[in-house]
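Q: One-letter residues, chain by chain:
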Amino acid sequence: MSPTAMAHALNAGLRRAMEDDDRVVLIGEDIGRLGGVFRVTDGLQKDFGDLRVVDSPLGEAGIVGSAIGLAMAGYRPVCEIQFDGFVFPAMNQIVTQLAKYRHRAEGRASLPVVVRIPVGGGIGAIEHHSESPEAYFAHTAGLKVVCPSSPQDAYDLVRQAVRSDDPVVFLEPKRSYWRKGELDLDAVPAPVERARVLRAGDDVTVVTYGALVPVALEVARICAEEGRSAEVIDLRCLSPIDDATILDSVRRTGRLVVAHEASRTAGLGAEIAARVQDRAFYSLEAPVQRVTGYDTPYPPSRLEEDWLPGVDRVLDAVDRTFEH
Amino acid sequence: MSPTAMAHALNAGLRRAMEDDDRVVLIGEDIGRLGGVFRVTDGLQKDFGDLRVVDSPLGEAGIVGSAIGLAMAGYRPVCEIQFDGFVFPAMNQIVTQLAKYRHRAEGRASLPVVVRIPVGGGIGAIEHHSESPEAYFAHTAGLKVVCPSSPQDAYDLVRQAVRSDDPVVFLEPKRSYWRKGELDLDAVPAPVERARVLRAGDDVTVVTYGALVPVALEVARICAEEGRSAEVIDLRCLSPIDDATILDSVRRTGRLVVAHEASRTAGLGAEIAARVQDRAFYSLEAPVQRVTGYDTPYPPSRLEEDWLPGVDRVLDAVDRTFEH
Amino acid sequence: MSTEPLSLLAPDGTFTAHAGPAGPAGPFGPAELRALHRDMVMTRRIDTEAIALQRQGELGLWPSLLGQEAAQVGAGRAATPRDVVFPTYREHGVAWCRDVDPVSLLGLFRGTTLGGWDPASNNFQLYTLVIGAQTLHAVGYAMGIVRDGDVGTGDPGRDRAVLVFLGDGSLSEGETNEAFVWAAAQSLPIVFFCQNNQWAISSPYSVQSRVPVAQRAQGFGFPGVRVDGNDVLACLSATRDALDSARAGNGPTLIEAFTYCRNPHTTSDDDGRYRSGSENDAWAARDPIERLRRHLVSSGAADAAHFAKLEAQERALGERLRTGCRALPDPPPDSSFRNTYVDLPAELAGQLSEHTEFVAAGQEDAR
Amino acid sequence: MSTEPLSLLAPDGTFTAHAGPAGPAGPFGPAELRALHRDMVMTRRIDTEAIALQRQGELGLWPSLLGQEAAQVGAGRAATPRDVVFPTYREHGVAWCRDVDPVSLLGLFRGTTLGGWDPASNNFQLYTLVIGAQTLHAVGYAMGIVRDGDVGTGDPGRDRAVLVFLGDGSLSEGETNEAFVWAAAQSLPIVFFCQNNQWAISSPYSVQSRVPVAQRAQGFGFPGVRVDGNDVLACLSATRDALDSARAGNGPTLIEAFTYCRNPHTTSDDDGRYRSGSENDAWAARDPIERLRRHLVSSGAADAAHFAKLEAQERALGERLRTGCRALPDPPPDSSFRNTYVDLPAELAGQLSEHTEFVAAGQEDAR
Ligand SMILES: Cc1ncc(C[n+]2csc(CCOP(=O)(O)OP(=O)(O)O)c2C)c(N)n1
Ligand SMILES: Cc1ncc(C[n+]2csc(CCOP(=O)(O)OP(=O)(O)O)c2C)c(N)n1
Ligand SMILES: [Mg+2]
Ligand SMILES: [Mg+2]
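Protein chains in written order, with the working numbering: chain A, 1 to 324; chain B, 325 to 648; chain C, 649 to 1015; chain D, 1016 to 1382.
One chain only, chain A, in its complex shape (with noise of 0.2 angstroms):
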C-alpha cells in the first residue's frame, strides 16, 4: 500500500492486465512513446512492444473500429480516445457496432472492448477538452459505462474492465489524475456494477461519480458541521446503474441530491431522479435535486469554475432538500 495517483493506478492496472492476458492490445494516438498526453500508459509500448501497444493513425473510427475486429479475432483491445471532445468521430463504431454486436450475434460472440475516455473539465482547457459525454453511453444498451473517483478504483476497475466480455466505456475524471490514493495491487476488487457507499448518512443522499466524488464528501463533511448527516454515494458503475444502493439509502435518508459535470437534460440525473421518484415514491421528503452542468456547450475556461458543479452548488441543493 502506498500512496499513488489515478494516472499511475491505470498505469499500473493495464500492465498487470497485459501480464495476465497477452491478448490484451492497447490501442490510441499518441499511447506509444508518448505515453499519452495524460502519461498512462507511459512505458508499456517499451515493454510491451508495438505489435501489443499501437500508436494508431489519428482516427477515432479507426480505433474503434479496428479494436472490434480485433476483438473478433480473439484479442482484448483496450482503446484510448485523446479527450473527451473527440470521442464523436467514434460515435458510429459504438453506437452501431460496438454496441449491439452481441446482439446481431444472437449471444453468440461477444465483444470484449474497453473504450477507455479522459473526461470531465476543471483543468483549464481549451475547447473538447473538458466534455462529460457519458450519457450518450448510457443511453446506448449494450455497453458499460464505469467511471472510477479513486486511484485504488481505478486499477480495480481498468482490470475488470479488461476482463469484461462486454464492451465497457472506462471514463476517466481528468481532474482526479494526479490525486493520490491508497493502492494494494492485490486487493479484492468490488463487483463492477456496484456502487459504494464512501460515507454513510441518515439525513440526505449524495449520488455522484468521477471528479466530483471528492466535492460530495467537502459537502457532507460541512453538512456535518451543520448537524446534518450526508450519505455520499459514489456511483462508480454508469451503466448499468446500481439503483439498489441508491434506493437503500434514499429510503432512509428521503432526500437525494445527484451531482454531475455533463449538462441537466436527459443526464444521470434524470435517470436517477426517475427512477427514485419512481421506486421510492413514499419515502422521498423533497423532490430529487440535480446539479450538473448547465445546458449550454462547455464555456471557456475562465467562466468553468462557476459554470460546474462545486461544494457550494452541491450544499444549496442540500439545502432546498430540507426546505420540503
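Some hints here could point you the wrong way.
[As the list claims (entries may be wrong)] What follows is a list of derived Cβ distance ranges for each label pair:
(1) B:G367 to C:P659: 34 to 40 angstroms
(2) D:A1297 to C:P659: 57 to 63 angstroms
(3) A:S283 to C:Q1011: 47 to 53 angstroms
(4) C:E967 to B:E542: 39 to 45 angstroms
Hints in this document: simulated from the structure, not taken from any laboratory. Glycine is no exception: its CB is placed at the ideal position from the N, C-alpha and C atoms.
Chain A is fixed; fit chains B, C and D with the ligands onto it per the hints.
A: Below, chains B, C and D with the ligands alone, put in the same frame as chain A:
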C-alpha cells in the same frame, strides 16, 4: 383543407420553404431523382434543379459538414439522413460543430441547418431502420429537436425549422408518414417550442410525441370508456422541452405517464420525470410512469410489436398511477 | 493505372489467358469451371427464390445480386477456409461459397434475427448494414492476424488474410477511407473487394467520384486493380493474386469488380425512377452465368447431362429455401434482453419481467 | 507524381525560377519579397510572445508554429480577401495575413473565449480543434460559392475560392477524406493546404501513411502538389496557381507543404519523449525566415535600415500582444447561456437565474 399524408405535407412544407427563400438547399442521399426513400422530396429536384436539391455522396459526416459550410456561406441547408440508424457517422459534425458553433462564435454567427431524420420502429424493417435517437440530440445543448405527429404539424414545423436560425434536428416518425390528416397550407402555425394539449382531461396526463401520439389518444379514448379522463400532450419540441404545459396539466391531474420508443435509461422520459417530480412534487399523487422501448438494442422486427410501447402498455402504466 | 478492366472470359464465352502479377491466370480445369458455374447458378437461385419469397410476404425485403454472381463467386472461391470474410448485406453468393446455410441468410430479411449464423464457424462474418463499418472490422481482424504471426511465414497452412466486401457507394464513407489508411500504413493482410455495380441506390457512381474505384487505392499507397466483374475467372484470378500477396506480407490490395446489379437496390426500391431499362438490357447481354455456360459448352467441359443434373440441384435448393424460410422460428421474446449483455443486469432483468408479464397477458387475451 | 517538392528558394537564399502550371513563378519584386519577409518575422514574433505569455501563466496553452512561417505566409498571401480561409488551430501566420488582430488569437488559449474574432469580417473562419472537421465546412462553403455563381466567370472581382488548412495527421480522419470525395466529385473551388510538419503530436508521418501527402489527392482524382514548405515563394506560387485554378472552375488541388514544427506540438507537450534534437537542428538550418533574409540581402532588396525598422515594428507588436493579452476581458458570466441559442429558452433562462444568483452570492461572499 384536404386529407393529406404526413410525407406529402412535409413535401409541401419543403417546397414552400424553397419558394419562400432561394437560399434553402436540400442535401441528402437519394433525395433527387428518387425523391428520397420515403418520397418526402419527390419532385423537388425536378422543379428546383440539382444545385438546390443535391444528391450527395454516401457520407453522413459530409452531408452535415457541408451543410454547416453552406450555412456559413449564407445558405439554409436542409439535410436528409436516410434512416435514424445512419445518423451516427454525422455525430461528430452534429455534436462538436453544428451544436456548438454559435456558442463558439460568441453569438456572432448562427448555423441555420435542419437535419431531417426519419425515426422510429413498427414498420417491419431490418436493423438500424427503426431507431429513436432523440435523447442524444436532446442532451446536446445548442440543438433544437422537433418531432411532428400530424401532417399539419409536419408542414408547419418543417417550415419553421427552415426559418430557425438555430440548428434543428427534425425527426419524422416513419410510421406516421402515410397517415392522413387535414392540412391547411396557410394556417397560422403554433410556436415551435410549445407542446400541445391534444385532448383535455382531469385524471391523468399522458405525454408523448411522434408515432406514439395516436397510441396516447387511443389510450385516452379507452380511459374515457372506463370513466377516467386522460389529458394527452404532444410534446412536439423535444428540446427545449415545454415543461410549463406538462406541469400545468400534472398540477391538475396529479398523475403522469410519459411514453417513447427510445430506450428507457437517460431517455426523454427520464428528463420529464425528473423535472415534474421536482417542480410539481406536491401535486403528484403517484410516481411518474415511463413506458418506453427497453434497454436493449432494437429487436428483430418479429419482436418489435411487443417491444414497442403500445396501447396496452400505456394503459397498464395509467393503471399503475391509480394504484397509489 | 490502366482503367481497362482485367478480363479473361468474353461475353461470348471465349477465353484469353492473361499474365497476372502471380503469373498467367488459368488455364482453368473443366472441374473447376463447372464448379464455378454451379456456384453462380445456385447463387442466382437463392436470389430468385428470395425475391419470390419477398413477393409472397415471407420476407420484408431482399437485396438482390442479379448480375453480380461472377464477382461474388470469383472472390468467394479465391479465399481459403482460413481466410476471413467480411460481407456487406448483398454477399449471398459469397455466403454460398463459404458454406453458410442459405436458409440462414433469410432470417435477417424475415425479421427473425439481425444476424443468422455463427460468424466464427465459417470465417464469414455477419452482414453489416451500416455502409463502410465492416471495413474497419476487417482491418482490425487483419491486425489480429499479424499479431498471431499468421502472415508471411510461407506456410500455406498458416498464412491467412482478410477479404472484405464493399460497394461503390461505400467509397465515400469516412470509415472506408480510414480503413484504407490503416491497411496501408500497417501493410495489413487484407483485400478490399469492391463490387462497383455503378449505383448506390439511385446515385450513379458519378455522384461519388469521377475516377475509377481502383484508383482510390493509389492515393493511399497500395495497388488498385480493375477487373471485369461479370467475368468469374478474372475475379477469381485477381482476388487469388491479391490474397496471395496479402498472405505473403505484401500488404493490401483494392479490387474493383466492374459490374451491374440488374435488379433494383432492394425489393423496396423502384429503379424506374432513376435509371433506364436499356442500361439493364446492355448488362443482361453481359450476363456472367451465360458467359461461362457458353464457355463450358464450347470447350466441351460440360454436356447436357451435366446441366440437367444441375437444374435438379437448383430445384432442390429452391424447395429447401421455401420450406426453410417458412420454418424459421420466431426469436424467443426474451432474446433481445438476454443477448444485450453477457449477464442480464438487474435493471434489464426488471424490464424483462415487465415484458414477460406483458407478453403472457397478451397471449392470455388471445386465447 | 513527382515527390521532389517544388522549391524556388534554396536554404542558402539562392533563387531558381520554376515553370509552374500557370507559367513561370516569379520573379518576385523587392517590395513583395520584403513584405513576405516581414509577414514571417511578425508571425514568428506572435509565436514567440505567445510562448512567453504561456510560460508566465497568461495563456493555458499555445500551439507554436516555429518553422512553419513560410508555409503559412505563402499560402495566406496567395488568397485574395474574397477567398475564404478555414484554419486549424495553428494558423497564426495565416491569421496575420488575413488582418486578424493578433491579440484576438490569444483569447482561445487564455480561456476567455472559444472563438475570438468575427469569422465573417476577414473571411477567416474560427480555429477548429477537432481534427479534420473544418475540411467539410470548407467543402460546404465552396458549394455555396458555386451556388452564388462566383466561380469560372473570368471576372477577378467575382470569382472566389476556399483555402482550407490541415495537418499531416488529419489525413487519417474519415471526415478529411469525405471532404476530398465531395470536392472531387463536385469539382469544387477549393484548395486543401496541408502543412506536413511530419508529426501529429508524437506520431511521425509513417504512422499515417507510407506515401507522400500529396499523393492522396490522386486517389480521389484531383491534383496533388508537393512544395518545400520552408520556401515562402514556392508556397505562394503553388497556392496561387491552385487558387487560380479553383476560381476558374477547374476544381480542387491538394498542396503538401513539406515542413517541420521545431517546437513541441503545444507548450504542454514534451517532444523529448519521441524525437531527437538533431532532427530539429537539421530543420533549423532550413529556417524559412533566414533563407529569405539571405536572399533579401544578397539581392540587395533590403538593407540594414530596413531590418532595423522591422525590428522596431516587431518590438511594438510584442508590446501590443503582452498588453493586449492581459487586457483581454473575461467573458460575462451569462455569455454561455446567451450564446447557445438565438433566443434563450425558458429552461435555460431558469438555469441562468440559478447561475446568476450563485455567482452573485459568490461575489457577496468574496466581498
Ligand atoms: C451509413 C449508411 N448510410 C446510408 C445507408 C443507406 N443505404 C443502404 S444501401 C445504400 C447504397 C449503398 O451503395 P453501394 O455501397 O454501392 O452498395 P450496393 O447497394 O450497390 O451493393 C445506402 C445509401 C446505410 N445503409 N448506411
Ligand atoms: C478528432 C480529434 N482527435 C484527436 C485530437 C487531438 N489532437 C490534437 S492535435 C493532434 C495532432 C494533429 O496533427 P496534425 O494534423 O499533423 O497537425 P499539427 O498539430 O501537426 O499541426 C491530435 C491527435 C483532436 N484535436 N481531434
Ligand atoms: Mg453499388
Ligand atoms: Mg502535423
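Q: Taking the hints in turn, state whether each one holds.
A: Tested hints:
Taking 34 to 40 angstroms as the suggested C-beta distance range, the pair G367 of chain B and P659 of chain C conforms, at roughly 39 angstroms. The given range of 57 to 63 angstroms is respected by A1297 of chain D and P659 of chain C, whose C-beta atoms sit roughly 59 angstroms from each other. The given range of 47 to 53 angstroms is broken by S283 of chain A and Q1011 of chain C, whose C-beta atoms sit roughly 36 angstroms from each other. Checked against the given bound of 39 to 45 angstroms, the beta carbons of E967 of chain C and E542 of chain B, roughly 44 angstroms apart, stay inside it.
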